[in-house]
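Construct all of the structure, not just a fragment, from the sequences and the given hints.
Protein sequence lines correspond, in order, to chains A and B.
Everything in the first sequence is counted per our numbering, starting at 223 for the first residue and increasing by one.
Everything in the second sequence is counted per our numbering, starting at 239 for the first residue and increasing by one.
If you are wondering where the hints come from, they were derived from the structure by calculation, not from laboratory data.
Wrong hints could be hidden among the right ones.
Part of the chain A face toward chain B, derived, beta carbon under 8 Å [unchecked claim]: (1) Glu234; (2) Arg260; (3) Phe341.
Coverage of chain A stretches by chain B, computed from C-beta distances (three or more under 8 Å per stretch; other residues unrestricted) [said to hold, decoys possible]: (4) 329-340; (5) 427-440; (6) 491-504.
Just so it is clear, CB atoms sit at the ideal spot from N, CA and C, and this is done for glycine as well.
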Amino acid sequence: MENKEAYNWTIEAKASLFDLKLNEVWAYRDLLLLLVRRDFVSFYKQTILGPLWFFIQPLFTTIIFTFIFGNLAGISTDGLPKPLFYMAGITAWNYFADCLTKTSTVFRDNAGIFGKVYFPRLIMPLSIVVSNLVRFGVQMLLFLLMMGYYYLSDARFQITWAVGLFPIIVILMALLGLGAGMFISAMTTKYRDLAFLVGFGVQLLMYATTVIYPLSTALDKYPEYAWIIEYNPMTPIIETFRYGFLGEGSFSWGSLGYATGVTIALLLFGILIFNKVERNFVDTV
Amino acid sequence: MNNGLVIKVEHLSKAYQLGQIGTGTISRDLERWYAKVRGKEDPFLHIGENNNQSTKSASNVVWSLKDINFEIEQGDAVGIIGRNGAGKSTLLKILSKVTAPTTGKIFGKGRVASLLEVGTGFHPELSGRENIFLNGAILGMRKKEIQRKLEEIVDFAGIERYLDTPVKRYSSGMYVRLAFAVAAHLESEILIVDEVLAVGDAEFQKKCLGKMSDVSKGEGRTVLFVSHNMDAVATLTTKSLYLKNGELNLYDKTDTTIQKYLETDTNEVGIYIKDPNANSPSFTKVEVITSEKDGTHMNGEDLIVDIDINMPEIIEGMSVSLQICNSKEIPIIYTYLFDTESPLLRKSGVNKMRCILPKCKLYANTYYLIMHLAETKGKFKFEEVHKICEFEVVMPNKVIEWGWQKDSCVYTEDFTWEKI
Numbered sequence: 223m224e225n226k227e228a229y230n231w232t233i234e235a236k237a238s239l240f241d242l243k244l245n246e247v248w249a250y251r252d253l254l255l256l257l258v259r260r261d262f263v264s265f266y267k268q269t270i271l272g273p274l275w276f277f278i279q280p281l282f283t284t285i286i287f288t289f290i291f292g293n294l295a296g297i298s299t300d301g302l303p304k305p306l307f308y309m310a311g312i313t314a315w316n317y318f319a320d321c322l323t324k325t326s327t328v329f330r331d332n333a334g335i336f337g338k339v340y341f342p343r344l345i346m347p348l349s350i351v352v353s354n355l356v357r358f359g360v361q362m363l364l365f366l367l368m369m370g371y372y373y374l375s376d377a378r379f380q381i382t383w384a385v386g387l388f389p390i391i392v393i394l395m396a397l398l399g400l401g402a403g404m405f406i407s408a409m410t411t412k413y414r415d416l417a418f419l420v421g422f423g424v425q426l427l428m429y430a431t432t433v434i435y436p437l438s439t440a441l442d443k444y445p446e447y448a449w450i451i452e453y454n455p456m457t458p459i460i461e462t463f464r465y466g467f468l469g470e471g472s473f474s475w476g477s478l479g480y481a482t483g484v485t486i487a488l489l490l491f492g493i494l495i496f497n498k499v500e501r502n503f504v505d506t507v
Numbered sequence: 239m240n241n242g243l244v245i246k247v248e249h250l251s252k253a254y255q256l257g258q259i260g261t262g263t264i265s266r267d268l269e270r271w272y273a274k275v276r277g278k279e280d281p282f283l284h285i286g287e288n289n290n291q292s293t294k295s296a297s298n299v300v301w302s303l304k305d306i307n308f309e310i311e312q313g314d315a316v317g318i319i320g321r322n323g324a325g326k327s328t329l330l331k332i333l334s335k336v337t338a339p340t341t342g343k344i345f346g347k348g349r350v351a352s353l354l355e356v357g358t359g360f361h362p363e364l365s366g367r368e369n370i371f372l373n374g375a376i377l378g379m380r381k382k383e384i385q386r387k388l389e390e391i392v393d394f395a396g397i398e399r400y401l402d403t404p405v406k407r408y409s410s411g412m413y414v415r416l417a418f419a420v421a422a423h424l425e426s427e428i429l430i431v432d433e434v435l436a437v438g439d440a441e442f443q444k445k446c447l448g449k450m451s452d453v454s455k456g457e458g459r460t461v462l463f464v465s466h467n468m469d470a471v472a473t474l475t476t477k478s479l480y481l482k483n484g485e486l487n488l489y490d491k492t493d494t495t496i497q498k499y500l501e502t503d504t505n506e507v508g509i510y511i512k513d514p515n516a517n518s519p520s521f522t523k524v525e526v527i528t529s530e531k532d533g534t535h536m537n538g539e540d541l542i543v544d545i546d547i548n549m550p551e552i553i554e555g556m557s558v559s560l561q562i563c564n565s566k567e568i569p570i571i572y573t574y575l576f577d578t579e580s581p582l583l584r585k586s587g588v589n590k591m592r593c594i595l596p597k598c599k600l601y602a603n604t605y606y607l608i609m610h611l612a613e614t615k616g617k618f619k620f621e622e623v624h625k626i627c628e629f630e631v632v633m634p635n636k637v638i639e640w641g642w643q644k645d646s647c648v649y650t651e652d653f654t655w656e657k658i
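Structure below.
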């Protein structure tokens with residue numbers, strides 16, 4: 223029997239669930255950046271408007287929301303200028319929703335590559351989150367421009383200290399989307415049904431989050447059902463976001479702490495199950 | 239020369255589930271889990287099932303690799319041979335960590351680069367340069383490393399002028415050259431190459447083989463190489479693994495192994511066998527008899543297809559049709575049989591028949607059969623079987639000046655040229 227210490231890698235049938243191979247992920251960091259670049263560049267290659275497309279979607283959604291929910295349905299916006307209120311919700315929500323939906327199909331979308339070459343699979347969902355961060359950054363710019371416009375036209379809003387929580391909020395949104403997305407992606411390799419659920423599930427979830435209405439109104443009008451909205455971890459995130467940038471919204475350390483707890487739990491769970499499926503998914507997808 | 243072992247494979251096995259995976263998995267998963275809780279063995283895995291693709295077995299779990307053990311020394315160039323489905327690709331996939339083994343262990347030393355497919359991860363919209371970086375990174379290179387090798391890669395691929403053009407505008411030859419160039423310049427101790435050289439023109443294939451032999455002989459790296467091309471295996475490798483039905487049949491010097499393979503692996507390819515349907519007519523056996531062994535057919539020779547059809551009861555007006563389609567699933571040849579014209583399906587039980595295609599001049603490619611079984615009057619289709627009886631057509635060893643190009647045509651014809 224020769225000395226097995228001489229080998230520096232092993233392939234085994236069963237691997238520890240908790241072996242996340244983070245050092246490998248680090249070794250492949252260049253790949254992560256190149257994937258992000260690929261996503262960004264290929265997004266607007268051969269389009270006329272190019273990166274402007276990043277603006278168009280949130281802008282039009284805001285206009286439509288303002289018209290339908292603001293004017294037609296007359297839902298309160300906590301006294302904030304309607305476009306500003308919706309834009310805040312949409313920008314934040316889009317980031318979370320994009321992270322979730324794109325990660326949830328990561329195995330299916332990359333089956334070709336995953337089936338032919340090995341690299342730490344975690345790179346793919348991570349690159350999605352970072353790619354979307356670029357997009358989110360561009361959309362934040364639009365939101366800030368709009369804030370500037372309303373500031374000059376003397377609209378009633380104010381930036382509060384909670385704006386300092388912005389980085390934490392972004393991380394929470396990213397990780398929440400990543401965790402939930404990875405969980406779903408791992409499950410969809412076997413049960414395709416989930417893929418259909420995600421599409422409209424995310425849409426429905428938006429209505430259970432305070433994107434088009436403030437939490438205060440929900441608590442006011444439907445006190446007995448408002449718990450659904452309150453238990454949704456995205457609600458405190460968006461409320462904090464609005465409170466920070468616009469000075470309106472229900473902010474509390476408790477609910478933000480709750481959102482953080484849910485995020486960490488979901489992320490750990492997502493990574494574990496992703497890690498488990500990753501090893502053999504090529505055979506079932 | 240003994241430089242020590244770089245790969246050691248111990249009791250490696252891999253099971254695959256056949257058939258529908260999507261349906262009933264929740265209940266199966268629950269059953270499996272329940273068996274595990276009670277400490278029983280997995281009800282769906284039976285060790286010992288053979289991976290013989292032509293016969294149907296009771297369980298739909300198949301062992302693609304069964305208890306494989308071997309060792310590879312540093313600097314060895316090892317060929318892996320065996321017929322289609324013998325487990326060659328599965329072994330490479332496990333060694334490249336694309337999929338995990340069901341049981342067993344592999345110990346290894348040094349960085350592994352695997353080239354199971356040419357151009358994995360190429361993005362059509364990105365330029366050649368961008369794709370070199372992306373593809374290199376996917377294969378595990380750092381950006382600095384690629385930067386250093388960029389010139390060499392571009393040079394090898396011969397695409398200087400197109401470096402900043404999106405690869406979707408590349409000819410397929412350029413695409414393949416670029417992709418191979420990236421992988422060949424990877425700095426790794428172990429290089430795993432699947433049958434990727436089947437693409438590209440003859441000149442480039444030669445260049446790639448040359449590069450690979452540099453890698454193993456000149457640079458002292460370990461190479462694992464799968465191919466159906468015995469000439470390539472013989473020139474490139476010193477030792478070979480011969481896999482048969484998922485088991486390691488022989489691991490010896492390449493000459494010895496190839497000889498054993500050619501002697502023992504008889505024509506079992508091109509066959510389809512199925513248990514008869516109880517209530518409706520069905521194909522029970524379809525077999526392509528090719529001119530050469532191992533499911534290989536020589537362009538211009540007679541191609542024979544033997545067909546067994548089981549008829550539980552006599553039905554009038556049966557019709558059978560046979561299509562031969564190429565690897566792109568484009569039907570090339572269509573033949574048919576109407577029972578009213580040539581009565582071959584007139585008894586209950588198994589009816590045997592033979593279809594002969596004299597001097598079949600299919601061009602070099604991989605082909606499959608598509609079989610249909612129907613009743614003409616009522617236009618009722620009993621069975622349709624797709625992609626069975628794979629066989630390979632090769633061109634006669636006649637020297638034509640530029641060699642037989644891939645995809646020159648799908649069919650050749652007799653011809654003469656004369657002065658008028």
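Indices of hints not satisfied (ascending): Result: hint 5 breaks, nothing else.
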